[in-house]
Amino acid sequence: MALTGIEIYKFLPKTNCKKCGFPTCLAFAMKVAQKTVNITTCPDLSAESRAALEAAGRPPIQLVTLGSDSKKLEVGNETVMFRHEKTFFHPPGLVLRVKDNAPADSLQQQVQAAAEYKVERVGRFLTMDGFAVENTSKDAATFAKAVEAVKSKSDLPLVLISQDPAAMEAALAKATPGRPLIYAANKDNWEKMADLAVKNKCPLAVSSNGALDDLTALVDQVSKKGIEEIVLDPGARDFGPSLSTLTQIRRLALKKNFRPLGYPVITFPGEAAASLDTEAMLAAQQVAKYAGIIVLDHFSPALVYPLLTMRLNIYTDPQKPIQVTPQIVQIGTPKATSPVCITTNFSLTYFAIAGELEAAGWAAWLVVCDTEGLSVLTAWAAGKFDAEKIAKSVKNFKIADNVSHRNVVIPGHVAVLRGELEEELPDWKILVGPREAVDVGGFLKQNWKN
Amino acid sequence: MPVEIPVEKWNGQVHQVKLGGAGGRKELVVGGENTLPFLKFEGNIPHRPAVAIEVVDQPPQGWAEPLVKAWGNVLQDPAAWAKKAAEYGADLISLRLRSAHPEEGNTGADHARKVVAAVLAAVDLPVIVLGPEVAQKDNEVLVAASEVGRGQRLGLGDCLDKNYRTIGATCLADGHVAIAKTPIDMNLAKQLNILLSDLGLPLDAILMDPTTGALGYGLEYTYSVMERLRITALMGDKMTSPPMICTAGEESWRQKESKATAGVPQSWGEQEQRAILWEKITAIGLLNAGANVIVLRHPRTVEDVKAAINKLSA
Ligand code: B12
Ligand code: SF4
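Line by line, the protein sequences are chains A and B.
Residues 1 to 450 in the working numbering are what the first sequence spells out, letter by letter.
Residues 1 to 314 in the working numbering are what the second sequence spells out, letter by letter.
Hint data in this document are derived by calculation from the structure and do not stem from the laboratory.
Every clue listed holds true.
Lysine-lysine pairs mimicking BS3-like chemistry, simulated, CA-CA at most 27 Å apart:
#1 A:445 - B:259
#2 B:40 - A:256
#3 B:9 - A:256
#4 B:238 - B:18
Just chain A, with the same shape it has in the complex (with noise of 0.2 Å):
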């Protein structure tokens, strides 16, 4: 969290000795909390001043990176308890779970189906960010070979599950570099976890089921080992106790700047769930409330899209709709004689349409209109997106000069605007299109003739 002046200037030596070139060391303070001059400009900062200011300056929720560059997953570092006061940056990690003791191919199969999925939502391609391999065996070497098997499958970060010092040691050989998360340290491990944490440069997960007092106090350990990169789970698993505790700890870390608790935190929806469903409504509640990684015991399309597309929205800035350049978009190949269709910049309308068109198999000209990305009838009604509007697009991006016809749908939601557009567009006969995108294709066959 970034300092005001009056806390850095606590840690100065209060000399106002002017060997920083300022007049005093409160001047020094608020251009550092500024940021336009370093804090190591003062040159009698002691050694502890910096530490301390350092620390003070940490987020209250630390950033904690799996992976390798190429492939990486950062969580944490949250900044609000509601997204409306900001907006949340690191949207949680979906990993899923494979178990070492499973026949070789049918891992390798299970991986690749989540490792190979991506589904595109207005415009981006959402994916997994990874697996959670689990020591079942409890066998070293086992446990070993299953991470080298997902290894060849998958480039993703990795969560490494297992209670055993030396076979986690044994997976870390197979997993590193690649900065694979380590599940966990508990209260009898925590020592050759946080060393094999320390050797691997690795995050490391710390797990209690107790209460936060327990997690505290064995977060507190592995912290004076020199960890920073740490991920809590605090034991709560089912739709209750995941909701109260996740929200206790992010309190904590917000609100109290309680640094033992100021970390992402891992969940496993699937061991509170009795079947698919329920998991993926409990993993839906953690992207909302509070986790940082969801370790899914399920894959499948119809399971993970609903959950994608619950953190894409949960993720959303919600001072910024996602949208996309008005101009004017070739849907295929058009020619001169091609229909001539308007739209507004919010992307979920823009992607709805542009996929229609694609996919009924029309090449068609696009006009996407400024509506500072909202969707056809909210900017209606925001008066975003009216005939004088709409009729400046279709002049301004000229497209008149792609087209013989001078004929242009309009979406069916503002069917009303077709007496304006009249007026706006003398030269133009107003189509109105069906209400919903879906029906475009069929809409264009019966009343465009090419």
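Please arrange chain B with the ligands on chain A, whose structure you already have, making use of the hints.
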């Protein structure tokens, strides 16, 4: 080192609203909490959120295959449908008088009276009656419904800024609860509550419908407007304190993800599971944002959402 659990001190609380509880109808109370959704370590949550099942007064047009399959024959008969809904565990029924829509039958007050009477006779659960979403017809059929259910504390909606006088007055006269709907905006929601209060309708006779955006189709907006409304209420603003109702089923089953049987990317997965999960996840998101009544369509969603509510409330 004992960790002190941070607890917010809220000054306000959500109004408690009673549906039914008279004229032979079961009583259902929602609201009353003085903390954020399900945070029992912090405050008092006297009533868990309720699950309503949507029933339509004529066989619905264009409903997705999984819904048609799940309900089967009862889609032809609103009373039988409501009964079935009760068997599936509904806490209340949300009856949509769709046939009154000018383009979908244009039935009038007489028909509304018959359908509402039949549904009221078929179940002893509390009932919400919704119009066809055309202001003038809404007034006609809702006033009729209001008379039929006089004294049974129904919910009546949608009560909009356009027709709040008529609906508000009817609720006041016949002892019903207004479903006050505004388009995803905190100030508009508050404003409508103020207008209804000025009419004399008490705040414990209002449920706010903040307008649901389905998963992938505006959920992020509804979610945050609800969180803001709830926080404002807990901070002591009475005019944002009525409980909230969300039409999760209606919105999520309208979307392509729920309807499309073919011609969609493989990455969307199998339709039935995807469609039902779309509704379930929309619902779980809105419950976490503060929904007190969640209106659903698919029986399997009802089952899982009720189980989740129970776990969150345990
Ligand atoms: C999310 C939402 C918002 C979000 C904004 C989202 C955004 N970025 O646009 C927020 C919360 C900010 C919002 C605000 C408002 N909203 Co609003 N909002 C919605 C909501 C829930 C969903 C809109 C949406 O995203 N739809 C999905 C997109 C993809 O749909 P679409 O753009 O129409 O595109 C479809 C079709 O039109 C078609 N299509 C698109 N282009 C083309 C082109 C052609 C040629 C064809 C044929 C088809 C086609 O394809 C798409 C898929 O079928 C709707 C209600 C609902 N459930 O639908 C209300 C709704 C649109 N909002 C409404 C209102 C009134 C408002 C406000 C004016 C309220 C207010 N006074 O504050 C404000 C205005 C905003 C402002 N002042 O800045 C009303 C509009 C009423 C009306 N009938 O005119 C609605 C309908 C709610 C209601 N029932 O009252 N809103
Ligand atoms: S150099 Fe350091 S001690 Fe001297 S005035 Fe600047 S901040 Fe103060």
